[in-house]
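Protein chains: 6
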Amino acid sequence: MTLIVINPNSSETVTAGIDQAVEPLRRFGTPIRCITLTEGPPGIESQLQADLTIAPMLRLAAAQPDASGYVIACFGDPGLHALRDQTTLPVLGIQESAVMTALTLGQRFGVIAILPQSIPRHLRAFGAMGVSDRLAGDRALGLSVADLADPARSRNAMVATAKDLRDRDGADVLIMGCAGMAQYREVLEGETDLPVVEPTQAAVAMALGHIALKLSKRGNEHA
Amino acid sequence: MTLIVINPNSSETVTAGIDQAVEPLRRFGTPIRCITLTEGPPGIESQLQADLTIAPMLRLAAAQPDASGYVIACFGDPGLHALRDQTTLPVLGIQESAVMTALTLGQRFGVIAILPQSIPRHLRAFGAMGVSDRLAGDRALGLSVADLADPARSRNAMVATAKDLRDRDGADVLIMGCAGMAQYREVLEGETDLPVVEPTQAAVAMALGHIALKLSKRGNEHA
Amino acid sequence: MTLIVINPNSSETVTAGIDQAVEPLRRFGTPIRCITLTEGPPGIESQLQADLTIAPMLRLAAAQPDASGYVIACFGDPGLHALRDQTTLPVLGIQESAVMTALTLGQRFGVIAILPQSIPRHLRAFGAMGVSDRLAGDRALGLSVADLADPARSRNAMVATAKDLRDRDGADVLIMGCAGMAQYREVLEGETDLPVVEPTQAAVAMALGHIALKLSKRGNEHA
Amino acid sequence: MTLIVINPNSSETVTAGIDQAVEPLRRFGTPIRCITLTEGPPGIESQLQADLTIAPMLRLAAAQPDASGYVIACFGDPGLHALRDQTTLPVLGIQESAVMTALTLGQRFGVIAILPQSIPRHLRAFGAMGVSDRLAGDRALGLSVADLADPARSRNAMVATAKDLRDRDGADVLIMGCAGMAQYREVLEGETDLPVVEPTQAAVAMALGHIALKLSKRGNEHA
Amino acid sequence: MTLIVINPNSSETVTAGIDQAVEPLRRFGTPIRCITLTEGPPGIESQLQADLTIAPMLRLAAAQPDASGYVIACFGDPGLHALRDQTTLPVLGIQESAVMTALTLGQRFGVIAILPQSIPRHLRAFGAMGVSDRLAGDRALGLSVADLADPARSRNAMVATAKDLRDRDGADVLIMGCAGMAQYREVLEGETDLPVVEPTQAAVAMALGHIALKLSKRGNEHA
Amino acid sequence: MTLIVINPNSSETVTAGIDQAVEPLRRFGTPIRCITLTEGPPGIESQLQADLTIAPMLRLAAAQPDASGYVIACFGDPGLHALRDQTTLPVLGIQESAVMTALTLGQRFGVIAILPQSIPRHLRAFGAMGVSDRLAGDRALGLSVADLADPARSRNAMVATAKDLRDRDGADVLIMGCAGMAQYREVLEGETDLPVVEPTQAAVAMALGHIALKLSKRGNEHA
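Protein chains in written order, with the working numbering: chain V, 571 to 793; chain R, 571 to 793; chain Y, 571 to 793; chain S, 571 to 793; chain G, 571 to 793; chain W, 571 to 793.
Because the hints were derived from the structure by calculation, they are not lab data.
Hints are supplied without guarantee of correctness; some may be wrong.
Note that the list lumps identical chains together, so a pair holds whenever it fits in one copy or between two copies.
Okay, derived cross-link-like pairs now, EDC-like style, lysine to aspartate or glutamate, Cα gap no bigger than 16 Å in a straight line [to be verified]: (1) K784 x E609; (2) K733 x E756; (3) K733 x E759; (4) K784 x E759.
The task is simple: from the sequences and hints, build the whole structure.
If you want it as structure tokens, here you go:
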């Protein structure tokens, strides 16, 4: 049986990044398969795009006969509760898992958002999670799409944003607010001296625990 | 120009009920057209069903050339923020509007839910709205689907639930947690002596105000 | 029957500004009469001044035989709950209504306060409303009374404050924290590209909805 | 110099009860004078009545030349912030002080309200204080005015309400939600085995501390 | 390298129960050693007893040369932050981990407390975690110490308490509020049809994830 | 009978400072004895150090036969609830009392922390108290230990930090986040024009009130 990690955007590069990010968790023994939602957009930049991935994501999830659990690998957790309605297997979202993990690592978490328009979406999610009082700040990189394609600029912007979250907002733990950027985790930790939560790692770790412990919603209204 | 009220379930009866509920607001002068999402399920009973209405609802909304604003008439507000991404016209959800209206009518609001499985969904929404401290309680009718088809049983269950919200939970304003039941509002007010917010009425009233005042998100990332 | 909008300060200029601000809502069909509390101070700058308007405001409200509802047009909502005790007609406050309206337009609201000493008063009110988690920030113009009399200075300070709320505090919707400044709404929206809620407009729109829907506290302990 | 305790209702019996309640604090050395607002109503049962006491209460406070601080002895704290605007001397309200005292005695406080219509008023105040998460419950005695005049019935209802707050709501500290009932404090503690805060005692104790430590708002906009 | 699970009470039976509870997580590959704090009391029933375990617990932790991480296995998490000060290795508490795990399994968590006097302690912890809005209820078994020694009575009381949390408080996920009772998890899930979090399982799962991902506080003020 | 004030660090200088700070409260008539925990560290800079003071502090408290109440004079309130378990006498912590006092003096409190690593500890405590919404900010002095020994540097850093809390964070009341610095209170009030709460003064004032009013936890599980 296999943990299925679904990247709801269509970027194979992002899926490959996720696959590499979760490598340290493969020694737990459960196979982990990272798959791409080909119907998804190249990147998810709005609630509109996020919501439109749900229907094909649910179909893709249902088409994995060896699944023993799922991770939805988009910060924003599109379709998280819908998939929990569709299956009784464990389902984790990377945003929710990143927050729950961060709350064990510091008192106030800071979020590095890629785009400023994602921040209200994050705040709605943190409100729904009931953890707003633990949020230090949520700051966007301030890069254009062109800049984001430049690794050095991305890296520098992430470090600068991380330091703002630490120094201006008082964050003592950081969350990377998107999938597929795990390669920057180490440099962020080194530059800020704070623990940094990469959300796909956090969700896969929690999912493997849930699978091992048979922790999931019981009953299934829509199976 | 017309306010479009979209019933995301496929029940024409519900749409007709909404149409009648908003009748007192037609004298404000803006035409109000209530339409049915034929692709929707007969009733929306889960986050899964709610999320699956979003894509066709967005298409239906886009196909209304005379729209001056929208109301999404399902308690749960599926696609609310997605439609706000799609258009710069005012977009109101009946859950959000019902809560904002109730907060001007009492200190603690009680919600009459049709089904118990909807309550966690409501609570996530109230958390995202940041109004959890104003919630007195959210109680389900406790009826089977068969019972719900019986008007006398529905009415009695709504009155009993409303009284529980008032007497056990301390609610001093009530929200009807679904569309299409406006015909019970008067009896609920009479039986409880509390103000009762019917959510489609609340949303249409707010939408007409927003249209008149040109209040909506500015800019449009996805037009 | 008429919606009565009471300006609790004695400035006829402010009343005239309110009257003009609500003009777009007159086409809803209900007459709107804006009246001045002659016993009020020229401007309300403290809780002390606000509280002292309540007794004469209640008398003025009671002396409007054609009233079908009331709006108290001072940010701070002095006497809001007292007037709700005095009458069973709908009573809206401009602060409360502005917040409820803003919560449908953005995730975090910013407030433009005229004077710094008003901010603790606002914060108490937002706490009582249970919406503190949605507040991005509340910032004062930083003008002397002399500066406030200069329209160009006021306008510039409002724009600068609005931009601070957006850029420093993360507000995505703004509330003008006083009555009588509706003429600046358009420039604020243009300069910030954010929706801006003018509180008397918000309250009158909600009041007209409440009147049409017969939404108000039932029962009346002091009629 | 003297601490002035103002009973904003016109009942000399209540004032006498307050005077007796604060007797154990007289040995702190500061004279305590309890005075009655003759313009007040016999009892304060609504926000309307509370607000109407503010103007004469402010005048009464200003007419105490030997004041070194004030306590406003009505649960609801009418005029608390107005009087803080009027004077730079320490000003305490009995509701606020009772809550702050209770928070040092238990994790969740329960409030014994006299009348059910007071509860929304209390909840607004607890929200403004930002302490709603510490509230276990607020329950009314459920007595008619006639019953309230009967000491045995009052006593029994207070004990029953206190036990409900402890057993149903989980309160581990209780607040008496009105002035003038200090004589029941001992029996309530005995019957519930919980600490019970009598609000005029709590406020006078805090006021004496503030006076001794010169703790009060600095500056005075309206002196 | 080994994950060290410290039972801060002196009961070898409890330690054995923990050891068995975490068995399903041993296949993740990291050795897990459960040890008993012999200086601890037989059971931890108060903040006083909890606090007194900290000093010897810290010494015991420091004496484990092969540690790659720690779990403090007392609901109440005594010494959690102190041990995080003492080491840079991952340190998880079972209360904190149980809550973070539960928040991925339901919207409102219910806690089964052994003793009523533990509840205020729990509430302080949930407040410090900032998750009070997600708490449905915290209820004690209502058993005497003698009753607790009787497995049938304990089991029955746990089931009854679990059902109260579900039916009266609206919990949709349950947390067992103590270590060493994992044997009842299955029956609780069966009887309530809700997911049940056993806290030592939750903490060990999270700790193994943290170890694999090198997630812990960086820097070490007291090493 | 005597109020015992325990300084849990071993610095006699700090104890002497506390003794002087509470001098204005000696005229209340209850003797106040300030004692030093000789087993404590010279200063308490971490949760680890704080927790390790609890066991000897409890012994020291138990060894005061004339005690009528206790104050634990370390910001962080180590052992506060443990000592409340050990005795039925009133027990106040200086952090808790400072916050409760500050909440009667302004709407948003700012905290002057000595060391940055104390801030997460403070935030956990404010969360446990349920008062996070009233916190404006918590800022550290930014001094090295060497700098702290220099009175002029300490004073200047405190003033600068206090002004940041007022001007950047919107604090309208300040709390000194440690014991033994009461000598700076006056200058801070003068420089900021805000009320400043010195925590040992606040706690002793509240303790004297509790003693006079016989306010404390009833029953005693561990006497």
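List of violated hint numbers, smallest to largest: 1
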